[in-house]
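Protein sequences appear in the order of chains A and B.
Read the first sequence against our numbering and you will find it ends at 351, with the numbers running on by one and no gaps.
Read the second sequence against our numbering and you will find it ends at 600, with the numbers running on by one and no gaps.
Think of the hints as simulated: they come from the structure by calculation, not from any bench.
What you are looking at is a predicted structure, and each value in this text was computed from that prediction instead of being measured.
There could be a bad hint or two in this list.
[To be verified] Calculated cross-link-like contacts (lysine-lysine; reagent style BS3-like; alpha-carbon spacing at most 27 Å):
hint, chain 1, residue 1, chain 2, residue 2
1, A, K345, B, K205
2, A, K344, B, K417
3, B, K195, A, K16
4, B, K205, A, K344
5, B, K157, B, K104
6, B, K157, B, K205
7, A, K18, B, K414
8, A, K280, A, K193
9, B, K414, A, K6
10, A, K345, B, K440
11, B, K157, A, K6
12, A, K344, B, K195
13, A, K193, A, K207
14, A, K18, B, K417
15, B, K195, A, K315
16, A, K232, A, K162
17, A, K16, B, K414
18, A, K193, A, K232
19, B, K195, A, K345
20, B, K157, B, K167
21, B, K440, B, K473
22, A, K161, A, K147
23, A, K6, B, K417
[Said to hold, decoys possible] Derived coverage of chain A by chain B (criterion: at least 3 residues anywhere in the stretch with Cβ under 8 Å from a Cβ of chain B; other residues may be distant):
hint, segment
24, 33-42
25, 53-61
26, 269-279
27, 332-346
All residues carry an ideal CB built from backbone N, CA and C; glycine is no exception.
Letter by letter, the chains look like this.
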Amino acid sequence: MSYIAKPKVAHPSLPKNKLGLTARDYEGTVSTLCAGCGHDSVTAAIIQAVFQLNIEPHMLAKMSGIGCSSKTPAYFVSGAHGFNSVHGRMPSVTTGANAANRALTYIGVSGDGDSLSIGAGQFVHAIRRNLNMCYIIENNGVYGLTKGQFSASADVGSKPKKGEPNEMEPIDPVSVALALGATYVARSFSGDKEQLVPLIQGALTHKGFALVDVISPCVTFNDHEGSTKSYKHTRQFYHHVVDADFVPPAAEIKAAYEQGSSMPVELHDGSRIVLRKVDKAYDPTSRAAAFAYLRERVNAGEITTGLLYIDSLRKEMHEVMGNTSTPLCQLPLESLHPGAAELKKITARYR
Amino acid sequence: MATINDVVVKIATVNGTGSASANGLLMKSIFRMGIPVVGKNYFPSNIQGLPTWYEVRVTGAGYQSRSDRVDLMVAMNAQTYASDLADVRPGGYLLYDSTWPRQKELHRDGVTVLGVPLSRLCNENFEGARARILMKNIAYVGVVAALLDIDLAVITKLLEETFAAKKHLVDSNMQAIRLGYDYAQQHFSCPLPNKVQAMNGTAGKIVIDGNTAAGLGCMYAGATVGAWYPITPSTSLMDAFRSFCTKYRVEPDTGARTFCIIQAEDELAAIGMVLGAAWNGARAFTPTSGPGISLMSEFIGFAYYAEIPAVIFDVQRTGPSTGMPTRTQQSDLMSCAYASHGDTKHVLLFPANPHECFEMAQSAFDLAERLQTPVIVMSDLDIGMNDWMVPDFEFDESRVPDRGKVVTADELEKMEKFYRYMDVDGDGIAPRSLPGVHAKGSYFTRGSGHSRYGSYTEDSAAYQDVMDRLLVKWETARSIVPGPEIEYSKFNKAGILTIGSGDGACLEARDRLAAQKINVNYCRVRAFPFSNAVREFIAQHEVIYVVEQNRDAQLRSMLMLDIDAEPTKLVPLLHYNGMPINAGFVVQRVLEEIAKGRAA
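Just need the whole structure built from these sequences, with the hints factored in.
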């Protein structure tokens, strides 16, 4: 991880958000990933998304596990608190952090190695709890830090730089999330910032578990001919099925949408996501339809992208439990016990 | 020999038959007569159909540990007749259900066998299979009441309290008690020579298990996040916390909860949740047992290095591996003290009974927040799941909980820059900031190498600087953890040193040894790292009997590692068969060691 701070000089004409901050204020330290790494593009998209959403930096919590992807929280929003945990355990740490303080915005950055192997158990259970967080998987099909072994998301037939092609079925995080009832399921490509930024904004605003699976090519170990997670392959085979425009609260929907292809979805804070259906037959509110469509396109060799499924009504973890709206960590300790006299009444039952 | 208030009753039943409430009734009625009592449950890792025993030791002298004899065996399980009969002391008694012809093996010279047709009596008086089975248990309590001279008025009152809302159950239970009681009065010479008699030995005492006490302690400590994965024998701790919170942690106006209990997918996640919550400033905990500690180890090491408070209860059971999940041991000492790879060591607390579980649950949170590190409360199955007679709990409302060094928004505002791992006070503890409090408080929490400024490092000196400060913190921990309980006389050259649930057996053994003119001093260690008082105690003696409930003398090794205790002085007295240690074992082993010393 980098410890080189970027110079703090900002051009006076840089646009400011409602907090008076520029996009530069949402940057982190200099990335130490390989030049051309897809993850750096995702980092840039996160910076833009958080800047535009006017999130106070210290009200953002950046969570991660271990791997190239998990280093990236150091590279965005230096003013946010970061928690770089152990391999595959970002979901549990985020669950506990959110349990204690529901007032923060949680962004978790993980990879295919971190989430689909050691972290598979925690990934699926965070979905099951409908934990209120934005969960980004920077998906490149390989383990980068240990120099190029296949991950569980490697496609059948994908060729490594050296050795035999992968023969095992991949674990597709989007299919898993749909099967488990995740309430916001999106896929994008690190090379498509126009699509990615609003998807991240929607994910950060959505109340519940929001997955953004981002194909993010590894330039060093998985960008060669025969790889199905290379820039070239992804550009050739990816298809937008539903794009999303993020509209902040109280803002007007200005864009002109073609009749029958657009669908606004209201989020809990009054902001909206306008879904633009590239394929008019696609229904992003039907899990069954989304799942069937996805499988069909996979069989055709296509990579389906966009906001594939959304359910903005289901209760998130705290709502299910009926917890107080005050963050638990802010409750004074003296308000949390019934006192000495009541203790006597409690222990009287044990006489 | 006739005795008053010194009798041991052991009840052999089959699990899943509802005998637990009958046994609890028996124990509680003796306690209510003002007589100190010890109850131990020996149960299988099973839901229904396997042998289970409950032992009630009536001890007017107020000893805490289980006995090493059985005066009256209530043999309700034909599967175990032979071994149950063998357990009875010469001159003792065995009670069995004589509805069916007496089996041949139920005969031993010197043991009086008492037959009561419990099944027949219950079948004649109650309807329905389930009621008949349950009432048979209550009926043997009636027989024991007659044999020991337990006050029926006390039993009646207990039943009235238990079934306050169901009057008909009081009547049917009392009917069953009378069936057994009257039968015994008519057929045997009641009471037996070993009987009970009301006394005043329980004033200010309660009967409670350690897990309930710890759960209550967590509620009083202000814990708001509890994450856990079910595992015997720790499960009832979270059950208790949930039950207390459901009553006392609901906002009156909104009905909203001020606690969050998460049943995690595994122990890996449970500890992760605790760290996430504690990082955000909540008091968070997880109860578990040995296998859970193994799984949590990676994160425990993370919390040590990233300096995040965590409270863990290890209700120890018999290892290694799955071991014997419903038997007790103190065999997780080393794995907890040094959990995780790399140079790590962790603060441990050793409660000796449920009273200390209540107290230490609270001090664990204070220590964890003060020291910004995991604190593991080392309970065990014996403490956690058995009912103990202990002093009533006190809560001092004027006591201010220690939240440790947490910088406030105002303090951050005034700072030029905040550095997370900078030791400004020289005690090895760097102030921490909480997320969401102030923009200047932000830092990056990581398990990778970091400098005192909180930044990533691969620089040797910057790395070592932090590792060395953690040792300074360790010494601070040594000075603030609960000190040992010591009983010392300068005339004694030998001392017994133990931890946790070894307390009762060792104290009783001291009395028994003293009766043989062997006087030993006593040190009950209450925390790791070991206080200087422990070091001094060892220095003051020629020989230290280190009494612990594991095979490998783990406590003894820790004394050598942490305070350089002289190995030749430390004589291991190891009890590790899964049953709670008793005084007889300690006495026997001390005598053996003395004999060995004389021979040498």
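Comparing the hints with the structure gives:
{"no.": "1", "hint": "K345/A x K205/B", "result": "holds (14 Å)"}
{"no.": "2", "hint": "K344/A x K417/B", "result": "violated (48 Å)"}
{"no.": "3", "hint": "K195/B x K16/A", "result": "violated (86 Å)"}
{"no.": "4", "hint": "K205/B x K344/A", "result": "holds (12 Å)"}
{"no.": "5", "hint": "K157/B x K104/B", "result": "violated (40 Å)"}
{"no.": "6", "hint": "K157/B x K205/B", "result": "holds (18 Å)"}
{"no.": "7", "hint": "K18/A x K414/B", "result": "holds (25 Å)"}
{"no.": "8", "hint": "K280/A x K193/A", "result": "holds (23 Å)"}
{"no.": "9", "hint": "K414/B x K6/A", "result": "holds (24 Å)"}
{"no.": "10", "hint": "K345/A x K440/B", "result": "violated (46 Å)"}
{"no.": "11", "hint": "K157/B x K6/A", "result": "violated (76 Å)"}
{"no.": "12", "hint": "K344/A x K195/B", "result": "violated (32 Å)"}
{"no.": "13", "hint": "K193/A x K207/A", "result": "holds (23 Å)"}
{"no.": "14", "hint": "K18/A x K417/B", "result": "holds (25 Å)"}
{"no.": "15", "hint": "K195/B x K315/A", "result": "violated (61 Å)"}
{"no.": "16", "hint": "K232/A x K162/A", "result": "holds (19 Å)"}
{"no.": "17", "hint": "K16/A x K414/B", "result": "holds (26 Å)"}
{"no.": "18", "hint": "K193/A x K232/A", "result": "holds (16 Å)"}
{"no.": "19", "hint": "K195/B x K345/A", "result": "violated (32 Å)"}
{"no.": "20", "hint": "K157/B x K167/B", "result": "holds (12 Å)"}
{"no.": "21", "hint": "K440/B x K473/B", "result": "holds (25 Å)"}
{"no.": "22", "hint": "K161/A x K147/A", "result": "holds (11 Å)"}
{"no.": "23", "hint": "K6/A x K417/B", "result": "holds (17 Å)"}
{"no.": "24", "hint": "33-42", "result": "violated (count 0)"}
{"no.": "25", "hint": "53-61", "result": "holds (count 5)"}
{"no.": "26", "hint": "269-279", "result": "violated (count 0)"}
{"no.": "27", "hint": "332-346", "result": "holds (count 12)"}
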